[in-house]
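Here the numbering used here is used: the first residue of the sequence shown is 105, the next is one more, and so on.
It is worth saying that the hints were derived from the structure and are not from the lab. Worth double-checking, as some hints may not be accurate.
Beta-carbon label-pair distances, calculated as ranges [what the hints assert, rightly or not]:
#, residue 1, residue 2, range
1, 1006, 684, 20 to 28 Å
2, 492, 351, 39 to 47 Å
3, 450, 946, 54 to 62 Å
4, 684, 494, 30 to 38 Å
5, 699, 745, 44 to 52 Å
6, 371, 850, 46 to 54 Å
7, 828, 870, 49 to 57 Å
8, 1015, 858, 35 to 43 Å
9, 870, 805, 36 to 44 Å
10, 672, 635, 50 to 58 Å
11, 963, 351, 44 to 52 Å
12, 940, 369, 44 to 52 Å
Pairs of lysine-lysine, DSS-like flavour, derived with a Cα cap of 25 Å [claimed, not checked]:
#, residue 1, residue 2
13, 902, 932
14, 821, 902
15, 581, 821
16, 932, 824
17, 691, 821
18, 317, 531
19, 824, 913
20, 834, 913
21, 581, 317
22, 902, 749
23, 932, 963
24, 615, 531
25, 834, 749
For clarity, every value in this text was computed on a predicted model and none was experimentally measured. Beta carbons are placed, not taken as given, at the ideal position from N, Cα and C, and that holds for glycine.
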Amino acid sequence: MTYSAQRLSAPAFARPALTRLGLGVSLIGLLAGTAQAQQIALNGSAAASATAATDSTDGSAANVITVTGIRASLDSAAKIKRLSTTIVDSVSAEDIGKLPDVSIADSLARLPGVTAQRLEGRDQRLSIRGLGPDFGTTLLNGREQVTVGDNRGVEYDQYPSEFFKTVNVYKSADAGLIAAGISGTVDLRMLRPLAQAERIVSIQARGEMNDYKSLNPDQTRYGYRVSGAYVDKFADDTFGVALGISATSAPSQDERYNAWGYANDAAGNLVLGGAKPYVQSNLLNRIGGVATLEWQPSDKFHSTFDALYSHFKETQHLRGIEFPLAYGAQADGSPLPYTANTVVDGLETSTTFSNVHGVQRNDYNRRTANNISLGWNNVYSFNDTTHFVVDASWSHAKRTDFLLETYTGAGYNKTGPGDTVTVTQNKDGTFGFQTGLDYADDGVFQLTDPQGWGYNGTQTVVQAGFLNKPVFTDDLKALRASLDGEFGGGLLHGWEVGVNYSRREKDSAYKSYFLCPKGGDGSCTITPAAGTPTSAPVPAGALTGDSVSLGYLGIPQILALNPIYLYNNAYDAFYDNRPGSLVRDNKVYENVWTGYAKLKIDGRVADMPLRGSIGAQVVHTGQSSSGTTSSFTNGVVTIDPIHEKTNYTNFLPSLALALEVKPGAFVKVGASQTMVRPRLDQERANRELDVNATNAGAGGGPINSPFSFQAGNTYLKPYKSTNLDISLEKYFTNSGYVSVAGYYKHLTQFVDPNNSVAFDFTDYLGQLSPAQQAATLATGGQIGLSHIPANAGHGNLKGFEATLSLPFKDITHYLDGFGFYGSTSYSKSRIIYDSNPTQPITLPGLSKWVASAEVYFEKSGFQARVSYRYRSKFLGEVAGLSAAPTYREAKAEGILDAQIGYDFNSGPLKGFSILAQAKNLTDRPFVTYQNNDPRQVIDYQRYGRDYYLGIAYKF
């Protein structure tokens, strides 16, 4: 990476001639006939001046300083922070295509106040200052992005990390920062070809390995990543091209344990209700490409076109057993007999259960996604001080899931031989299993519905498997225009006005199927006419030839079947037409107009340089959704369409000031109002009618009504936050800095997802018999509950962050090459819902304490780094029943990573480098528990250590 020596004074960094707003992308170019760079950026003066730290050049070869590696990355991030008038933290690539960690999320999780929750062993769900991904936004080159996920939160696996030069996390607002969240805004930045001093051709290759041998026979533990980049300038340096391509195959191995929960025995002691131990092997294959075309034929016009495409396919093989225990039942409906062997402090730590009918699982998940992002930015300069910017963008993502479950057991509906299972709690909170049956015996275990789970809403079905096939499509188009200029002299130095229009459409479509053994009429029902077999032998073609071990929990081996073979050859599939399954499809639309204006501040106060801006946004949103509602009468499901819409307008003022009280010492202040719209699945128009005829005439108010709705709420308003931020920053003479930041957020219109309101169901009385209708009306039972999210909460969030970046050469030249980067943060929240004002909730993703530390050495081509990050306990989002998101308390965790490498800076191997990395060296598990009792472990996932060895060549 090449940086230019900068000799601009502090006020000059914020000059509008250097810093402009436009939708989508920061444009850095060399203006002909000038000695310093101009920059037109999307995200306001703060972002523009920040990006200038790494992307600008004065065009003088004598002033170009070539810096690469760990120190270059930290120096670049420090420059971005120093030059920004807003509060920002950044990660910069150590070299072309080389962020300092394995993934974008890994790198961001080392920033102060930023945490990541691991999913399938990879860092994914980012929280900023204790607020999860639902409260932030992600931009690509300044443009809002859609996601391959099923809500708003961007999944960073959809972006190859090799494509990004800088990732900025803005923690305070600026009027020109469109689509900012209330937690923060992550902006992924690609390099600009005209800002590069010379042609770049770079190739990289890396192999990876998990230290667990493959836990499933049909998946590997080895992977790779290859990438290449080409950057060049043509036509007298007026036209630039940057191209990149990346291909990844990334495996992961997970030993997993999941408890159903904990029941109470006759003595009131807790006893394990059920458990699902299994092993999971994942393989993520992704290919992506980027292209940037930059054209600046004169100092009047500058045009940049960006394109990014990413395709990934992730496959997961999961094998294990579900054991219904205290929550289980025998064929006659009576509880399973069990004996408590050991009880410690009210918890049965060893229990023996009899007549257990386990459900063996051989599952297969396939997730395919495509992501494309296009942007075109054009800047016309009327003169040196006045600019007109137009930016158009399109972001589109589509994800298709194939989630296949297959079941085997000793007999249908708790028939066949039962097992005697002794469970004993381990030191880590999981339970080990001592079993009597051989779960790898295909002579005993058959394709069947071992627990008799199958029911289609009206009839019993043989559910020997299940298939979910959701499809999510997310589309966002945006157009932005802005005009800026200067007043000339004075503290109020410049102005900017702009407008942005965006249209987002999120389409969620669901299909699911019951799977049963072949041989009947395909309906999977148990009737003489249907003829559905209740069990079928395991076909020889489904046997993989290997068994799978759950030895980490005491089960030596289980059947390893090929689920795709079973699906294609052994199962009939029948459409899931239960009332709740038929009303899941929905579309959500958001049409948003944003107008903004701001005054730019650049001058001196008491002989101290002061920069910043004061401005406001006016945001008008048209929000609508199309969905369905269901009713259910005499075995017939009726589906009716729904379309709902609303609109609202918000005024969002902002102030950002950066005062340089002494050379290199800054006080930065931000005050603003920000907003973020609710989860998209909460905005859906769907309503599912539940009818429980046994409650007819029960009385006791709406809670005992025969009727209820499960619904979304198109009329939800955004979460709003009034923010106050302050940051004290001191930059050292050579490099490095220390900073302390504090923040306070007053949160309103907070969405209560469990809200319920009374609803008059008189129009639905026809769902009941005449006698039931009369009984219902006599007790007022026509008034039931509609379970619908509402803006019924408020609260606050406050905390502080401290960061130290210290090259040890600032202490003594004897330690030249050594350095430290670390941060710590504390967050505290109090959020209450109107329905329960005395019981504050826990914010999902909030850890009270977060810390990271990194010690590095880099000199004469050699580099080494050890890094550790810690987060205290938090409320994590995990997949619940039918993959629905649910929240559970997660234990504190610390992750240790390391890397070592060498760059050849001279000789025949000049430009060649080698790098070895290790991730999760402590093999730290992800653990959740319930009822604020760490003994009641629900999820336990161990991912193993990952090792990487890579080479790169740049010429």
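A quick look at each hint next to the structure:
1. Take residue 1006 and residue 684: their Cβ atoms lie about 59 Å apart, and the range 20 to 28 Å is violated.
2. For the hinted restraint 39 to 47 Å between residue 492 and residue 351, the CB-CB distance of approximately 40 Å keeps it satisfied.
3. Checked against the given bound of 54 to 62 Å, the beta carbons of residue 450 and residue 946, roughly 24 Å apart, lie outside it.
4. In this structure the hint that residue 684 and residue 494 lie 30 to 38 Å apart at CB is violated, the actual value being about 47 Å.
5. Hint check: residue 699 to residue 745, Cβ distance near 34 Å, so the stated range 44 to 52 Å is violated.
6. At roughly 48 Å, the beta carbons of residue 371 and residue 850 sit within the given window of 46 to 54 Å.
7. Between residue 828 and residue 870 the CB atoms are about 55 Å apart, so this pair conforms to the stated range of 49 to 57 Å.
8. Hint check: residue 1015 to residue 858, Cβ distance near 58 Å, so the stated range 35 to 43 Å is violated.
9. Distance hint check for residue 870 and residue 805: the Cβ-Cβ separation is about 23 Å, which falls outside the suggested range of 36 to 44 Å.
10. At roughly 21 Å, the beta-carbon separation of residue 672 and residue 635 lies outside the given 50 to 58 Å, and the hint is violated.
11. Taking 44 to 52 Å as the suggested C-beta distance range, the pair residue 963 and residue 351 does not conform, at roughly 33 Å.
12. In this structure, residue 940 and residue 369 break the distance hint of 44 to 52 Å, their C-beta atoms being roughly 30 Å apart.
13. Our distance criterion of 25 Å between C-alpha atoms is met by residue 902 and residue 932, whose separation comes to about 6 Å.
14. Distance check on the hinted pair: residue 821 and residue 902 sit about 23 Å apart at the alpha-carbon level, within 25 Å; holds.
15. Taken as a hint, the residue 581 and residue 821 pair is honoured in the structure, with Cα atoms around 22 Å apart against an allowance of 25 Å.
16. For the proposed pair residue 932 and residue 824, the alpha carbon gap of about 18 Å is at most 25 Å, so the pair holds.
17. For the hint linking residue 691 to residue 821, the alpha-carbon distance of about 17 Å falls within 25 Å, and the restraint holds.
18. Among the hinted pairs, residue 317 with residue 531 is consistent with the structure: their alpha-carbon atoms are about 24 Å apart, no more than 25 Å.
19. Our distance criterion of 25 Å between C-alpha atoms is broken by residue 824 and residue 913, whose separation comes to about 45 Å.
20. Proximity of residue 834 to residue 913 is assessed by CA-CA distance (about 17 Å); at most 25 Å being required, the pair is judged to hold.
21. A distance of roughly 45 Å separates the Cα atoms of residue 581 and residue 317; the hinted pair therefore is violated under the 25 Å criterion.
22. Proximity of residue 902 to residue 749 is assessed by CA-CA distance (about 35 Å); at most 25 Å being required, the pair is judged violated.
23. With a C-alpha separation of about 41 Å, the suggested pairing of residue 932 with residue 963 is violated against the 25 Å cut-off.
24. The hinted pair formed by residue 615 and residue 531 fails the criterion: a straight-line CA distance of about 41 Å is larger than 25 Å.
25. Our distance criterion of 25 Å between C-alpha atoms is broken by residue 834 and residue 749, whose separation comes to about 50 Å.
In terms of the numbered hints stated before, the structure departs from hints 1, 3, 4, 5, 8, 9, 10, 11, 12, 19, 21, 22, 23, 24, 25, listed from lowest to highest.
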